[in-house]
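**Student:** Each chain is listed here by its residues.
4 protein chains.
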Amino acid sequence: MELLVRYLDRSDSIGSTMTQDSSLMKEATLRDDLRYYFMSPCEKYKARGQKPWKLGVQILKIVMITTQLILFGLNNQLVVSYKEENTIALKNLFLKDYSGVDEDDYCVSVYSQQRVYDSLYYVMDQYSQLGRLTVGPISYAEDEEGRFLPLVICKQFYKRGSVEPSDETYDIDAELEKACMSFNPKTVNQWRSQNSSFFDLDFYRLVDVEITFQLKGINLQTVRSRELPDCYSFYVTITFDNRCHSGMVKISLDTDSISNACRDWKISGTAQKNTHYLLVFDGFIILVCITSAILCTRSIVLAVRLLQRFSRFLNENYNRKVCEDDQREFLNCWYLLIIFSDLLAIVGSILKMEIQAKSLTSYDVCSIFLGTSTLMVWVGVIRYLGYFEKYNVLLLTMKAAFPKVLRFCCCAGMIYLGYTFCGWIVLGPYHEKNYQMNGFPMTDLQKFLLEQKDFPVAEEGSQTDINVGYSTFCCCRRVPENDDIILIS
Amino acid sequence: MELLVRYLDRSDSIGSTMTQDSSLMKEATLRDDLRYYFMSPCEKYKARGQKPWKLGVQILKIVMITTQLILFGLNNQLVVSYKEENTIALKNLFLKDYSGVDEDDYCVSVYSQQRVYDSLYYVMDQYSQLGRLTVGPISYAEDEEGRFLPLVICKQFYKRGSVEPSDETYDIDAELEKACMSFNPKTVNQWRSQNSSFFDLDFYRLVDVEITFQLKGINLQTVRSRELPDCYSFYVTITFDNRCHSGMVKISLDTDSISNACRDWKISGTAQKNTHYLLVFDGFIILVCITSAILCTRSIVLAVRLLQRFSRFLNENYNRKVCEDDQREFLNCWYLLIIFSDLLAIVGSILKMEIQAKSLTSYDVCSIFLGTSTLMVWVGVIRYLGYFEKYNVLLLTMKAAFPKVLRFCCCAGMIYLGYTFCGWIVLGPYHEKNYQMNGFPMTDLQKFLLEQKDFPVAEEGSQTDINVGYSTFCCCRRVPENDDIILIS
Amino acid sequence: MELLVRYLDRSDSIGSTMTQDSSLMKEATLRDDLRYYFMSPCEKYKARGQKPWKLGVQILKIVMITTQLILFGLNNQLVVSYKEENTIALKNLFLKDYSGVDEDDYCVSVYSQQRVYDSLYYVMDQYSQLGRLTVGPISYAEDEEGRFLPLVICKQFYKRGSVEPSDETYDIDAELEKACMSFNPKTVNQWRSQNSSFFDLDFYRLVDVEITFQLKGINLQTVRSRELPDCYSFYVTITFDNRCHSGMVKISLDTDSISNACRDWKISGTAQKNTHYLLVFDGFIILVCITSAILCTRSIVLAVRLLQRFSRFLNENYNRKVCEDDQREFLNCWYLLIIFSDLLAIVGSILKMEIQAKSLTSYDVCSIFLGTSTLMVWVGVIRYLGYFEKYNVLLLTMKAAFPKVLRFCCCAGMIYLGYTFCGWIVLGPYHEKNYQMNGFPMTDLQKFLLEQKDFPVAEEGSQTDINVGYSTFCCCRRVPENDDIILIS
Amino acid sequence: MELLVRYLDRSDSIGSTMTQDSSLMKEATLRDDLRYYFMSPCEKYKARGQKPWKLGVQILKIVMITTQLILFGLNNQLVVSYKEENTIALKNLFLKDYSGVDEDDYCVSVYSQQRVYDSLYYVMDQYSQLGRLTVGPISYAEDEEGRFLPLVICKQFYKRGSVEPSDETYDIDAELEKACMSFNPKTVNQWRSQNSSFFDLDFYRLVDVEITFQLKGINLQTVRSRELPDCYSFYVTITFDNRCHSGMVKISLDTDSISNACRDWKISGTAQKNTHYLLVFDGFIILVCITSAILCTRSIVLAVRLLQRFSRFLNENYNRKVCEDDQREFLNCWYLLIIFSDLLAIVGSILKMEIQAKSLTSYDVCSIFLGTSTLMVWVGVIRYLGYFEKYNVLLLTMKAAFPKVLRFCCCAGMIYLGYTFCGWIVLGPYHEKNYQMNGFPMTDLQKFLLEQKDFPVAEEGSQTDINVGYSTFCCCRRVPENDDIILIS
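Residue numbers (this note's numbering), protein chains in the order written: chain A, 1 to 489; chain B, 1 to 489; chain C, 1 to 489; chain D, 1 to 489.
By construction, these hints were calculated from the structure, which means they are not laboratory data. Note that the structure is predicted; figures quoted are calculated from it, not measured. Among the hints, a few may not be true.
Taking lysine-lysine and the BS3-like style, the derived pairs with C-alpha atoms no more than 27 Å apart in a straight line are [as the list claims (entries may be wrong)]: (1) Lys266/A - Lys54/B; (2) Lys404/C - Lys404/B; (3) Lys159/D - Lys358/C; (4) Lys159/A - Lys159/D; (5) Lys404/D - Lys404/A; (6) Lys96/A - Lys96/D; (7) Lys404/A - Lys178/B; (8) Lys54/A - Lys44/A; (9) Lys404/D - Lys96/C; (10) Lys266/B - Lys159/C; (11) Lys399/B - Lys404/C.
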């Protein structure tokens, strides 16, 4: 920028020693264009009367995208709370002695054989009378022929095994065997007498019991906000986990809920559905975003052309190149941010329209698109603050301090990482269970690692590659003689 | 102030070159008056022996207003705690299996049809034997003819509907129908047999059940603080909320309590009521506030006159105008603060007297008046700290730093806003229910928006207006060439 | 100190122009004494070989006083935990449905008449069979003739009253009447039949029921630490509080426990009691503290004499007075601190010996003496840090910054006070009860104020006095012309 | 370093005034070697093409040691969670009315004699039917002849005693007597009738009841991660603590679990055990660590030799010694850190291999070795950050600021210590029990001190020794005349 400033200044002050008129004219035009390019929207309006269309579009975009996000978020919340409340209701219906709060990553823990049997029978008793129990529009799933899908109980146990803790002897076949049983809610009277042998659990060998069934539900509440109700399939899994063989059976209930448009429906009594208004609104947002992206692209193109003109001029008249700092001045990163955010907003809006039209249910992906785009749009507002002199100081200071902060964080991170590993291994596992162990973010990795312990040797090669990359990254010039001087200054 | 200071200094040093005696005299008087005007109360006392009445009045006011506030607050707390304890007592009386703590924004949640019926019947059973149950002076409300007002149960349901989740089909008339039933505590034996059909709830169609009744209570505890007991009407609403149709019925109890003077009363045994002392105290506060306001107004008037004299003097002798900074020195903002706080205190005290006399019950409005006035009075104390040299530096520094802090907050706010929106949409709804979702401050907005989704397009026009306003606000001069220089300095 | 330093420096440099030999000698001695006086213990040892006795005594004192404090604290904790556990045990024995945790400032709350009666009868049933219930050495108190002291139930109610909430009418005699009944644990079969009318509570008029009884206990656990067991009297008060008449009766249990030496005892089996070792230790501490106090007093006396000599010298030779700053150099505040802490430690140790000998039970007073003394002794260590050059900078900086910090706190305090009052009155009472209201530190004041509302007018006079005092305190010189200059500098 | 820098600089600039060629050559070589020695790995590669082997080894080591630590930690966690879950299961099995959460440092507290008996009998009832109750592979321990080890109940009480709280008299023999009883799960029908006198507890004299038994368990879950199951002995102790005689009996359950290889086992069905992969991995780590240690030792040796050469050169040519600062430059503390961490890692890895081979079970010791080594390795990464110019400033600043921070902490620590002691004695013991008292870190010390109160006098001598040491440490030069100057500067 120095050169540029000097150029603008110098040419301002007195004048030129050039003799060719056309060249003089050319230079004056270039100077004007350059000066105009670096003006704020406000100054442009004062200088050439150009109205700040781009600024207007951006502000309109902020308002519209934020409104859209809020509407989508509220809708999203409805869906999420419906699923969550259903899960809570199912836990209260099917888990005996459920306190209303999960104990840990499981729901209930039981410690005696009788309690295990009670909890097991309770699930089936409740399932068989689901219709009379539940207060929600939920019922058994059916297959194509209209028959209810059965509840399936599977128990997994070591194939063969006799364990004699008193003798400190065991004889185990570590392969797992699985035995399953179906249970039809209509044949409720017979199951317990006919399958008594199935429920004779040998706890020494038992690894887990898994009860799975499928329920269907309808989310009627959306009727009230003038949307069509969705149909849901709930895949419920109740697990009696004895994997640890520690005298504690952990009972947990998981629901996997999938929403889809209902097969057949008839609705009346609501006013004409107003969802098309929303579609128009989404379409308008897409339009605004496209406009904004085009305007920004145009600005970038203009900037590149201006840079080329300036570069040619310098080359012809002074036989100099534009220095890198000045080149960077022409590339406005804000424009790239805005274009990227526009693309995200367009994709997000299309997804939202699809969800509205019930042809998609991927709320999560749409959330990420809309959310990221809104974040960028709001961060982009900072750019306009840069037009205020005082704010500019703030922004430039932040810009200058950023690498230092990053550097410190990196250095502190190293120590923290070492400290964390050391603390985890030395203190970690001895902390109370109900509290910290579950908070440790490695449970999934743990499960994966415990199954296959032989991978580290195999993976060694690839990790060394990473190291080589890191070591080359480390290579940079070092001037140890300067250290003390830096400290003194 | 520069000019003023220079004027005072110069005229101090040696003397005048003026020849007219009267003019000389005039100037000396003006100089004395000006110097006197900018003195602290202490210096005024030393200079002309004037006693600091105004300061005394202010200090008296602080003590009195704070005392009044505390007295009013303690009284207020009695009323609030009476209402709250009554609500807790009603929850414990009417809600089956109430744990003593609300689960969420509702009190109890139930998950099976039987529990819904039990809870429903429980309310009515308890209501019918209220007199034998409650330990407080509370009973049924009566109409004008002395008959007890009945309890009213209303159920709201979709007009017509058959829902078959198994088939993924539904046939719903989204219009709501309402059916109500009255229940008189005296006809307790008949209601269950006569209205059995009403209590045959079709949970698929049921939206909510609302039980409302009205109770009357008397707040006897005020007798002990020598005030007349108030009579209260409690409008109790118990809602069984199945709006979400998620298999979870949320039961909540709300009380709306209105206090009024009792219709007929006779009281004895207390010493003569001492409330008139309090009225005298309030009156005295009003007097002090009026005095304070008058003194401050007088000071402002005197300051304006002095400014006019000074302005005229400068105009006549030096043909100069008083610069804006000096003019501002004459306008003491503290005086305006004090006058405003006095007005608030006067209105608040009048309201308090009305409340004391039982002709008003608007504790809230009075709270705001008295509270704001006390806050201002205490903030006003800072002014007197300005008389200490060291504090003055502190005050001036705070004054100077304020706009910078504000600017930074504004910039950080932008990023925060974007971050919040993004975080809410991406992470928000997936957080655990019992915790964060309820903390989100949009629930009312949400309800409003969900009912009418078509407004954003309609409101677009007005929002664009705001933007235009914002863009004009943004227009200000920008000097990009200075950026680097600012950073360096 | 400037003068002093200059004097020491100047006389160091070359020599004197004095002619009298004796005077010269005198000055040299004075200079030596002065220089010696301002040395650290270490330098004194190097200069004249004086061993740092005073320092040694201080260090010995720190170790001994801290040891003593820990021993006393541990003992104290035993007593406190005995009392607390007894209170918990009594709550569990006498309060029906006590959850183990107090609900609020009360233990249990009940909401129906039946529950009140049940809780009331439960207390008496439990009391009558105390001997068979309790697991601790606790029993009924006896009067002089060996008869058990009875349990006393008192109910307080409005003298006369009929309340008709439905009619919004009441007729109350606000004077309170009290009816009491004694209950002897031996006549257990008769009380309920004979006093049935007493237990016919009219809840409209009932203010509270208070059950008081006295139990005796022996703290046997001290036997294990070779101390004599103490005897305790527990004055138990169970209150059924209906003062608020809000439909909620709050039951609370308070114990007032007083310890005293047992009347008659016989103990065997422990090794000879070792408490006399502790007495010797305490005696030794007193000795050390007296030594320390004497040494410090001596130092102060010597300093005053030295100051007098220096003052006389300056007066005679230079006809000057010692400036105030230099005088202050001679008065060592640390010595005063040490002497004060010694006195506290001596009193505390004597109290501790008395407690040990069971002739006193005022643990609290002794705690305060010993604790304050230990705090001062440790703070006194900072003085010795002042001998290290680097620490000295730290100390001096803290010394210099202290008034500024204080000033800022004072200014912020004003705003905070105003804010607190305003926030309390506007928001305060509407916050949830179970959380913040109880945290508000005015409950005692509140009770006091509610009983007698007429005092503020009466107290006005005295408060005005305070204000006058404050206003005179405010009087200090103000130089407004300097403000801007201060800000600039 | 100054001298060194000057030497390198000077010799760089123009040349030498030396005349001997060999000497000139020698100096040039030395200069080159010195310059090379202080280069970063990157510069070395540029200068002489030497590949950064040492850096590579370090990076490889970081990756491998961290991987090893994670694997070991996950394995360790399995063992710890098995033990913890077993303890929880035993508490739920044997403690009547256990809520699932410990109340304090005890599990359950009971307050009536009946509850004590019930809890006592419950333990034995549950123990006698353990086989039918538990869901885990746990059973009674056996002696060598195959007979079940019995449950042992011991009660401890004062030898003789009659306590009459009502009379305030007691007659106690403070010596403790112990009575025990065995209970065989097979003779379940007889114990209660035969030992009724044993269970006739005299609560006045009772100090505690201790129930101990031994159970055997097998940790089968490790089968799933292809390791051999371990056998465990659980030494269970249930204590009914009446030591405090405060009317509250605290019941607690402690398990001491010892793991060992099972006596006899047969396992099938798993794929071939993959533990040898892990052994190879551990071996490889040991190899890498040895390499790293050797490389670092070699570097230190080279540095010492270089220093000797430089020292000889300076001595011969300039007759000067290498100053201490320069000598320190040659001693690289990082190398010592790396070597120490290597040794720890080698020991840790060997321990880990032993544990894997089931010949050791000391997880804790191994944890400390591996953890400390990993911490050091990660901290060692900071060294490489020193090669970046900017980071170096950071490191040097931290190095310079460290003593000041330490000094401030020391000074603040003094005040804090005094404050803590004072606060503890004055406020401490009156805080609520369930919260702070248990958090105080002196409980063990307390127990120790309460048994033998006579030690402080005896220990006095040794503590005075410490003081003498401290006082000599305090001796250092003080220049009080400089204080003001320091403050000003």
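**Student:** Look at each hint and say if it fits the structure.
**Tutor:** These are the hints, each one checked on the structure:
| no. | hint | result |
| --- | --- | --- |
| 1 | Lys266/A - Lys54/B | 79 Å, violated |
| 2 | Lys404/C - Lys404/B | 23 Å, holds |
| 3 | Lys159/D - Lys358/C | 25 Å, holds |
| 4 | Lys159/A - Lys159/D | 58 Å, violated |
| 5 | Lys404/D - Lys404/A | 23 Å, holds |
| 6 | Lys96/A - Lys96/D | 20 Å, holds |
| 7 | Lys404/A - Lys178/B | 67 Å, violated |
| 8 | Lys54/A - Lys44/A | 12 Å, holds |
| 9 | Lys404/D - Lys96/C | 61 Å, violated |
| 10 | Lys266/B - Lys159/C | 14 Å, holds |
| 11 | Lys399/B - Lys404/C | 18 Å, holds |
Of the numbered hints given earlier, the model fails hints 1, 4, 7, 9; all others are met.
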